[in-house]
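J.: Please arrange chain B on chain A, whose structure you already have, making use of the hints.
Protein chains in written order, with this note's numbering: chain A, 1 to 414; chain B, 1001 to 1085.
Hints should not be assumed to be uniformly reliable.
[What the hints assert, rightly or not] Here are the in silico distance ranges between beta carbons for each label pair:
| no. | chain 1 | residue 1 | chain 2 | residue 2 | range |
| --- | --- | --- | --- | --- | --- |
| 1 | B | 1055 | A | 123 | 38 to 44 angstroms |
| 2 | A | 185 | B | 1055 | 48 to 54 angstroms |
| 3 | A | 262 | B | 1066 | 55 to 61 angstroms |
| 4 | B | 1034 | A | 227 | 48 to 54 angstroms |
The hints are simulated quantities; they were obtained by calculation from the structure and are not laboratory data.
Remember, predicted model here, so these are calculated numbers, not experimental data.
We put the CB at the ideal spot given by N, CA and C, even for glycine.
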Amino acid sequence: MNFGYEILGFGSFPKGGYEQAIPAGADGVIESPTNYIDIAWDSQNPNKGIVVYSIATGGLNGWAVVFEISGTTISFGTPTTIESTAQFRNTNLVASPFEADKYIVGYTRYSPDAGAKVLTVSGTTITVGTFQEAMATTAGDNVNLKLDPHNDGKFYFSWRNYDSGANEATAAIGSWDGTTISFGTLNQFGVGLSGGHGGVNPNVFLGVDPINENKALVGYSSYGDATYDLYVHVLTVSGTQLSGHTNGDLGGTTITAGAYQDCNSESPSSVSCEWHGTESERAFVVYNGDSGNTRWQALDYSGTTVTAGAVQNVHAGDRHDGQMVKNPWKDDEFLFIYQSVETGESNHIKLCILTGHATAATFVKESTHVIQAAQGTSPRLDFDPHQEGRFIMCYKDADNSDYLTLALGQLLVE
Amino acid sequence: MQTITANDVSNVSVFIFEDDVVLDIQHDRIICPDFHIGDLNSSNSTHHTGITPPVDWDGNKYCFDGTAWTENPYWREEGQQKGQE
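Only chain B is shown next, with the shape it has when bound in the complex:
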């Protein structure tokens, strides 16, 4: 698996993709097969490959520093994730 994490927001894992998905990380966006990530790019995000996300992974629920997964303390269920700044 692979994930995109946000550098400025505690390395929160925003999206995960299967290994064979091709991501084009540009200076102003990340181009995914079916959509663009418009607010993350090569300067404010990190692309991790070969990862194994938590079984209950959800967007913004976990942070990933390249080694360990930790729960996002601002996460709340039902889409009520709290902001972090």
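With the rest of the complex left out, here is chain A:
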């Protein structure tokens, strides 16, 4: 039974220990990681993974670096640019679940639109694949890239595109084979508003159903009735598979979006969507909601109809930029890491365990732990697939020259 967690090396930074900054490179190149960060463990090699991050050196360039763990010490390979000629925003990083040393990174280049590339690691050296855009000619943001747990080599990809000013939520099925990325047919949807609205359909989020193949939820906030509401669609995938791929039957790439369900009027942002491990058609969202409160909701769907549970409060008056990640070793347990602006704890990086119910809309929250006291931003987290309950966090540490900081944690398992 899980009864909490410990942060290995908490408080030791920057004196050493388990939290370490990415060492400075040439001419100030890597001292200033900015707001787009993500981290992933290697699926096959224990104690290894990579971090991707943006740096505003001229353009907002993208970088990656291999991390390795020996005992409780984190070491790093050579930082490598993965996007040095365009913007690197809204990045999502995942490890190939069936290949060693292979990662897929999605991001927006500002223009052209959102897309992805493959990163291949040998030792601590990173080889960068070719960027494949999902949609040409228009810019976008709010990228979400999530693996399809039912088909190796296939992922779901969603973002907000700026095509004709519509700013619609958009989804596509992607795949990788070797170092090549391909995308299937796009599906654009959202709530169009007469006269337009500059912020229509922001905060796009994505959750892929781990139990029912070819089903996913995509949502966004939309300014439909003088306030931003949370709209959610059920996506259904069908059709023939992407051609020319060797990673088995990838299934179809045609996406049909059901009608949106208005789930709240909370002006949601920074939305994370995860699923219950065994309860069919049950997802959970955590978001920054009305009045700066962090909210939790259960989202159930049947067919293409979404039923939203009651809005639950995670933190009162605690706005966040954060991420909720499911513990792969538990059906109902999630870690929520976020940047706080709570009174007296502004920009602290905090962590708490949330437990969702199989059927009830409520949840259980354990006490919050401060990971980084003051001036942390952009926290991300990934569970170690090789060691139960171990996880790694990364965030920008403004108290230490904006260095990118990693911290290793361990859920306590009885």
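T.: Coordinates of chain B only, in the frame set by chain A:
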């Protein structure tokens, strides 16, 4: 000074280095002393030596065709450089 420019992106100057910095330009990366340029290599970039960059040079701010420096029209301040394709 020396610079690496991106052939496919209007010869934008991505990095500059002092003359004595040794760069190893390979088919799949450029190895610099403290980091690797993973998305540029011998087939999609050009290495210029003996250059004098603009005094306000910044990554992606200028293009260099081997002779003249021109402002990247897609450049914006504060790290808001716009893409170019």
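J.: Compare the structure with each hint and give your call.
T.: Hints, one by one, checked against the model:
1. B:1055 <-> A:123: 38 to 44 angstroms: holds (40 angstroms)
2. A:185 <-> B:1055: 48 to 54 angstroms: Cβ of residue 185 of chain A to Cβ of residue 1055 of chain B: about 49 angstroms, so the range 48 to 54 angstroms holds.
3. A:262 <-> B:1066: 55 to 61 angstroms: Given about 58 angstroms between the Cβ atoms, the range holds.
4. B:1034 <-> A:227: 48 to 54 angstroms: holds (49 angstroms)
When each numbered hint is compared with the structure, no violation occurs for any of them.
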